[in-house]
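Using the sequences plus the hints, can you model the full thing?
Going line by line, the protein sequences match chains B and F. The opening position of the first sequence corresponds to residue 1 in the working numbering, with each subsequent residue numbered one higher. The opening position of the second sequence corresponds to residue 281 in the working numbering, with each subsequent residue numbered one higher.
Treat the hints loosely; a few may be bogus.
To be verified - Coverage of chain F stretches by chain B, computed from C-beta distances (three or more under 8 Å per stretch; other residues unrestricted):
id, segment
1, 317-330
2, 353-363
3, 368-380
4, 443-457
For the record, the hints were derived by calculation from the structure and aren't laboratory data. No residue lacks a Cβ here, since even glycine has one placed at the ideal position from N, Cα and C.
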Amino acid sequence: MRTTRYAAAAMAAAAALTLSACGGGGGESGGEGGGAEAGGDTIRIGIKFDQPGLGFDEGDTYTGFDVDVAKYVAGELGFTEEQIEWVEAPSANRENMLSNEQVDMIFATYSITDTRKETVDFAGPYFIAGQDLLVPSDSDITGPEDLDGKNLCSVTGSTSATNIQEEVPGVNLVEQPGYAECVSVMASGAIDAVTTDDIILAGLAANAESGDFKVVGNTFSEERYGVGLPKGSDRCEDINAAIEKMIEEGAWQEALDANLEGVDYEPNAELNPPTPDACA
Amino acid sequence: MEDYLSLLTEYDVLGAFWVNIQLTLWAGLWALLLGTLLALMRISPIASLQWLGAAYVNIFRNTPLTIILAFGFLALFGQLRFSLADDLNLSLFRIAILGLAVYHAAFVCEAIRSGVNTVPLGQAEAARAIGLSFLPSARLIILPQAFRGAIAPLGNVLIALIKNSTVAAAGSVAIETSTVMKEMIEFRSDVIYPIFFTFALGFVILVIPIGLLTTWLSRKLAVAR
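The structure is reproduced here in structure tokens:
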């Protein structure tokens, strides 16, 4: 009898804790959001945490080209680096994070597409990438035409994965949760190539510890990386002006060079640096 | 609404569910075989087999399924170049089945062992008294009664297996439901809620009849004592 009563008390305590935890969490995030909107003292920027050379979490600092462009743009909007709150924005969550106003803008290899424009706004593009292949340095694959019957890895449910299946129906596509898994399996020779946007592949090649890889340099799509904004945002014009200034000043080229140091990769020079689209 | 309906013709949702059903059936079959063997080991009179069975159950029951399936892809396939078919996708499909089966075998074993506990000790003693050794008495007397007592927990294992088959995405089974759902959300985030509810509903439709069937069977087949 006594043990039952103790158990019941423990259950009640646990339930109370859970409830209060929920209440506290909700209140806190609500207050934070309100503060950022009202006082304008911080800006929340969504980036990738797992893409070396673009958006990468190195413990307490964030590095990469997306991060550098975000810092510059935030600076032009009147925010110092200390006022930036970096938030992880995985591909599948980006639209939701903007619609729910969990972030103010997103710099996360975010391609501008018509379906996405129905739910979010875009500034930019600030970079134009293309889908490409990463292969071992001694591979003789030179483009999608060599992929028939080969084992190829991409990220589960990604645009790149779907594109390549339409382009080369005979390819054996392996889908993994992240590109790091793809690269580690390619190092052992079980797969022949990894596909996604060239600039992402360049970052992976630069970061590879387990093998020696090269970007093929034969792009077969055009991915216009934009700045994701909540629908109806009034920041688009200012962000475009900031991107144009960054390109003019040469800071854009510097950021690109710094993040691609040591990789044998040149962005498509005909398309880059891009001119931002007109804001809708 | 039209946007959403056009999605269903564009993406093969039924085909994706069919892949999960196939994963479930194959993994369920292997898990049942392996789990029965493990249960036999655990109730056998040989101490080393009891220990081995218990070790297996404790290791696999306490390891997250995601890790087992990621191990299958990254280590077995990725590093050791282990293969179960010449065709890459078939090989990965079978490696995923292997992962699902070794994990769920631990739960099948425990379900059968709980069934064995419903068989009165006198049954085993009677079997021994008429001269049956361990394996014949297990096969003829204990297990037939144990299975009838274990139908409800085995049904629960099957239900868990259906839902867990989506984890096969970690083993790179390409066109199963969670992968197709991710793909649909990546391309059509404007209808994210209808997409999500479609898949949730699909699993509810698959799971509820199994629950009803096993409950009915467990009542109908229970050994009256």
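- Message: Tell me the numbers of any earlier hints that the structure contravenes, in ascending order.
- Response: Those not satisfied come down to hint 1.
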